[in-house]
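Build the full structure now, drawing on both the sequences and the hints.
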Amino acid sequence: MKYVDEYRDGALAERVAAAIAAEVDPGRIYSIMEFCGGHTHAICRHGIEDMLPATVRLVHGPGCPVCVLPIGRLDMAIELARRPEVTLCTYGDMMRVPGRDRGSLMKAKAEGADIRMVYGSGDALRVARENPGREVVFFAIGFETTTPTTAVALVQAKALGLRNFSVFANHVLTPSAIQAILDSPEVTTTGSVRVDGFIGPGHVSTIIGSAPYDRFARDYRRPIVVSGFEPLDIMQSVLMLVRQLNEGRHGVENQFSRAVSHGGNAKAQALVDQVFELRDSFEWRGLGTIPDSALQIREGFADWDAERRWQLRYVPVADNKACSCAEILRGVKKPADCTIFGTVCTPENPMGSCMVSPEGSCAAYHLYGRWRDMEKRA
Amino acid sequence: MTKIGPTDRSAFPRKLDLRHGRVDLSHGGGGKAMAQLVEEMFGAAFDNPLLAQRNDQAVFDAPVGRLAVTTDSYVISPLFFPGGDIGSLAVHGTVNDLAMAGAVPLYLTAGFIIEEGFPLGDLGRIVASMAAAAREAGVSIITGDTKVVERGKGDGVFINTTGIGVTRPGVAPSGDRARPGDAVLVSGFVGDHGVAIMSTRENLSFETAIASDSAALHGLVAAMVEAVPDIHTLRDPTRGGVATTLNEIARQSGVGMVLDERAIPIREEVAAACELLGLDPLHVANEGKLIAICAAGDAVRLLDAMRGHPLGADAAVIGEVIDDDHRFVQLRTAFGGKRIVDWLAGEQLPRIC
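As given, the protein sequences belong to chains E and B, one line each in that order.
FYI, the numbering for the first sequence is 34 to 411, going by this note's numbering.
FYI, the numbering for the second sequence is 69 to 421, going by this note's numbering.
Fair warning: there could be bad hints in the mix.
[What the hints assert, rightly or not] No farther apart than 30 Å at their CA atoms in a straight line, the calculated lysine-lysine pairs in the DSS-like style are these:
#1 B:Lys406 - E:Lys366
#2 B:Lys221 - E:Lys142
#3 E:Lys140 - B:Lys221
#4 E:Lys367 - B:Lys406
[Stated by the list, open to error] Reference listing, derived: stretches of chain E covered by chain B, where coverage requires no fewer than 3 residues with Cβ under 8 Å from a Cβ of chain B:
#5 45–52
#6 67–79
#7 82–93
#8 380–394
[To be verified] Beta-carbon label-pair distances, calculated as ranges:
#9 B:Ala331 - E:Ala87: 28 to 34 Å
#10 B:Asp92 - E:Ala192: 40 to 46 Å
#11 E:Gly153 - B:Ala279: 22 to 28 Å
#12 B:Arg193 - E:Gly333: 49 to 55 Å
#13 B:Arg375 - E:Arg115: 51 to 57 Å
#14 E:Gly166 - B:Ala279: 35 to 41 Å
#15 B:Asn123 - E:Gly155: 53 to 59 Å
#16 B:Gly346 - E:Gly333: 32 to 38 Å
Hint data in this document are derived by calculation from the structure and do not stem from the laboratory.
Ideal placement from N, C-alpha and C gives every residue a C-beta, glycine not left out.
Pasting the structure below:
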């Protein structure tokens, strides 16, 4: 696979690993948070932690859209799906996330709700066109990467006058989450989470560019390297962060220059701005309620807004007490620190959202890395 | 219940209309329409002396030795796919389940559940493909059953086949016989069937030249057991893929495994499709591949035997069995790290076989 295999070259990886090992200060801990769940997945899938010195520690961040969506918002989708006139189109990952009283979209489907798994907003739009007698709702989740595709669907629906289509919007913003982590008491006061630098999200940055991170580097004095998702990308980003930390620098660097520019994709940003506006506040699983951290559909597209169409109301629901997803999303705990990890909570029978999506830390650890924790416990 | 019998032209002056005709409820009603369908379509295609007995059961002399019996239902969507169809699959899948015991497949039964309105022409294509697959595999379809369900209560056609085979003396592969030190082999490229099916699904269609690997593996197994009679384990990695099959074996045998990612044969197109869809090729279904586990000292001989057969030309040793109380299947990644290869969680794709 051209353009993929080059970034998985084992011989090159050894050279980068050797460079990291040679350049780290042996008396120093390098605690690096990869914000994005896609990076967490790649780190576990390719066994990257095996290739780093023990003093380089990767802290897994909250950048998994399935994981950060609170139970209350999922319950709104389940409630919608149960309406007899509604066909709910959702990304497959959302199907198994447990909602209130252990309900889920999967269970609602088994009970008769019309729920279709789709790969994107375009598929949902097609379902709406093919089923004019159904109210087709697209359950839109995701960070800035997927927001433009939802915006396109809304613009198209409006242009087509497609009245049986609407969007349940749950798009959230990366910079708000990074800020929430940097301002959290675990980072600022108690020190239970140490973040010396960030591996910045790559796909998100193809849209928003690397510019939004400038203020974090400047104001919080943390280096950020925007990284691609192949294992060599991540290794190289770790090396770039180690060098910045060694040199006492805290800048924004772009390892993923083959896809990311400083300003990002202006056309996509304009499209998003045309359709969406800031939501006053949005509850994130793990990070709490954060002002200006999510998007809602503008008045001009109100007719295609599922929240308005069905007057959906958000009711907060507390996480399962035994589940540590909240702490795991903030980097306070690792998956194996959760008492129900791998016992009560498994990919087959998830208790929390982090065990569902392949980008969730618990799922990635369970799928790819749990023998490490077994070895530690033994 | 009317059973399959030889074609009786005099009883049915007008032939089945394969061009425009459709299955209706009378074709499952036990009356004359059903008798005609059974005789003209199934009886003609599957014709053999046991089927020609025209009784509600086939009666035959028991072969000497230990018998192997297996049953499988086929609900694949779409019914026709690159590299095969539900008919050939219903023969290959069941023959392979017998072959994985090292058995020689002898007989199949065939049960059809057909949806009202299903085109008779499509049914004819499926039956012809099934007959051809059985002929090629050297097995006879000796009894069968036909049911028709109302429109909307099925999805075209579902097929159940039961297979009967006879085991070979001294050959006893089993999922609980993998031992630390054993070699793990695969008979060729993995993931072809699943990717071929996915490429045809309406909501995730993409262009690929990949065809299903659907094939009957008992010939390959015959060559293998001739070279190495004491193969410890044989299993075909269908739903859940190589990863799930190896985890099943690890659990049954109470062992772990370490695989080498670089040694696992995966076509570039399959790897690319999996990359795009976010799938692990090791979780993708196969219908014409097998996993074999044997003593390390037998591995070269077994590999040579596999590569000497057309269905094993791309066979490879992909790992070894280790002692591990956790029964983990681990993978040395091509990148240089290590990870677990886990069971498939949930359902990757419904109705893959």
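Evaluation of the provided hints:
1. Proximity of lysine 406 (chain B) to lysine 366 (chain E) is assessed by CA-CA distance (about 23 Å); at most 30 Å being required, the pair is judged to hold.
2. Between lysine 221 (chain B) and lysine 142 (chain E), the direct Cα distance comes to roughly 18 Å. Compliance with the 30 Å bound is thereby established for this hinted pair.
3. Distance hint between lysine 140 (chain E) and lysine 221 (chain B) is fulfilled; the C-alpha atoms sit about 21 Å from each other, no more than 30 Å.
4. Proposed proximity of lysine 367 (chain E) and lysine 406 (chain B) is supported: the alpha carbons are some 19 Å apart, at most 30 Å.
5. Counting residues of the segment 45–52 of chain E whose beta carbon lies closer than 8 Å to any beta carbon of chain B gives 3, which reaches the threshold of three, so the coverage claim holds.
6. Residues of the segment 67–79 of chain E lying with their CB closer than 8 Å to a CB of chain B number 3, which satisfies the three-residue condition for coverage.
7. Taking a C-beta to C-beta cut-off of 8 Å, the segment 82–93 of chain E contributes 3 residues in contact with chain B, enough for the three needed, and the coverage statement holds.
8. Chain B is given as covering the segment 380–394 of chain E, and this holds because 3 residues of the stretch bring a CB closer than 8 Å to a CB of that chain, at least three being needed.
9. Checked against the hint of 28 to 34 Å, the C-beta distance between alanine 331 (chain B) and alanine 87 (chain E) comes to roughly 29 Å, which is consistent with it.
10. At roughly 45 Å, the beta carbons of aspartate 92 (chain B) and alanine 192 (chain E) sit within the given window of 40 to 46 Å.
11. The beta-carbon spacing between glycine 153 (chain E) and alanine 279 (chain B), approximately 27 Å, falls within the hinted interval of 22 to 28 Å.
12. Separated by about 53 Å at the C-beta atoms, arginine 193 (chain B) and glycine 333 (chain E) satisfy the suggested range of 49 to 55 Å.
13. The beta-carbon spacing between arginine 375 (chain B) and arginine 115 (chain E), approximately 56 Å, falls within the hinted interval of 51 to 57 Å.
14. As the Cβ distance of glycine 166 (chain E) to alanine 279 (chain B) is approximately 38 Å, the hint placing it in 35 to 41 Å holds.
15. A hinted range of 53 to 59 Å for the beta carbons of asparagine 123 (chain B) and glycine 155 (chain E) is consistent with their spacing of about 56 Å.
16. Distance hint for glycine 346 (chain B) and glycine 333 (chain E): a CB-CB separation of about 34 Å, consistent with the stated range 32 to 38 Å.
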